[in-house]
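Residue 179 in my numbering sits at position 179 of the sequence shown, and the numbers go up by one each step.
Quick caveat, the hints were computed from the structure, so don't treat them as lab data.
All the pointers check out, no bait thrown in.
List time: in silico EDC-like cross-link candidates among lysine to aspartate or glutamate, alpha-carbon distance up to 20 Å:
no., residue 1, residue 2
1, K140, E100
2, K84, D68
3, K91, D245
4, K91, E76
5, K140, E76
6, K208, D186
7, K192, E218
8, K220, D169
9, K91, D174
10, K128, E188
11, K91, D169
12, K140, D118
13, K140, D120
14, K91, E288
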Amino acid sequence: MTRSPGVHLLPVHALLAAALLAGLLFGCSSKINLPPVTPDAGGLSYTGKFVWYDLHVPDIDGVARFYDAVLDWGMERTDPGSSKVKTIFHKGRLIGSVFELTEAGPAAGWVACASVPDVDGAAARAVKQGGRVVAAPTDKPYRGRMATIRDPQSARMALLHSPVGDPRDEGPGDGLFLGAELWTPDVEAGAKFYAGLLGYQLAAVRLKQGTYVMLLAEGKPRGGLTAPLASLPAALWIPQVAVSDIEGTVQRVEENGGTVLLRPDPASRPNRTAVFADPSGAILGVREFVPPRE
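Full structure from sequences and hints, please.
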């Protein structure tokens, strides 16, 4: 990965070193140690915000090369007891984790983690509303309490309560996550489920291809719902990443072994989107944004 002198990497490596040291001191060989979602949250809490993103793949090294080339992401080991998990970072910020799949594990894919004040309570609400819990609430060292659920259409997401708080709200940045979109065949049912689960306010927008529902928390957009492409699974949460050059991003996806599933629509400038599958099959979205002038 090419790094310019202006990119500040010291905080990242300091945090990675701290996570490694903590693992060595506590000797947690039976548990995977994950760094906190942010080093500077200050105890802030944003219920319904997607605060972390986990990638599950069969080949960590292979996808590391892909995302390095496509989005300039780096992946580094943060747990001395496990080579099967790495932390994803970009321009001085930790933004996600990547886990190597086992044969008995789920299929390759991204899992978006939504912030909740009470993981156990949220997991119980998911079940009451027709969803199911696929990973029971568990305390993860340094990361917080987590559970993984599937909604009634079987879309997977994680619920997370971070002990240090949530990442601060900031404007979009090239290569950084924006949130996540649920692509589902029943937009109305999905919107009702997540409004009940996470307290979202709903705002429907009529588009020529159908209805898009925005998910708002305290007036701020956190995600959205739309109908899926015919080529995609029936229901799927797709994390969204901001990019300043969407055409170049799509080109790099194809040059490095990925598959473009949705190409940017020229008529949608300057807010075009694209969706692709990485070489493992995990699906990710990118959204065009215009960087502020300095």
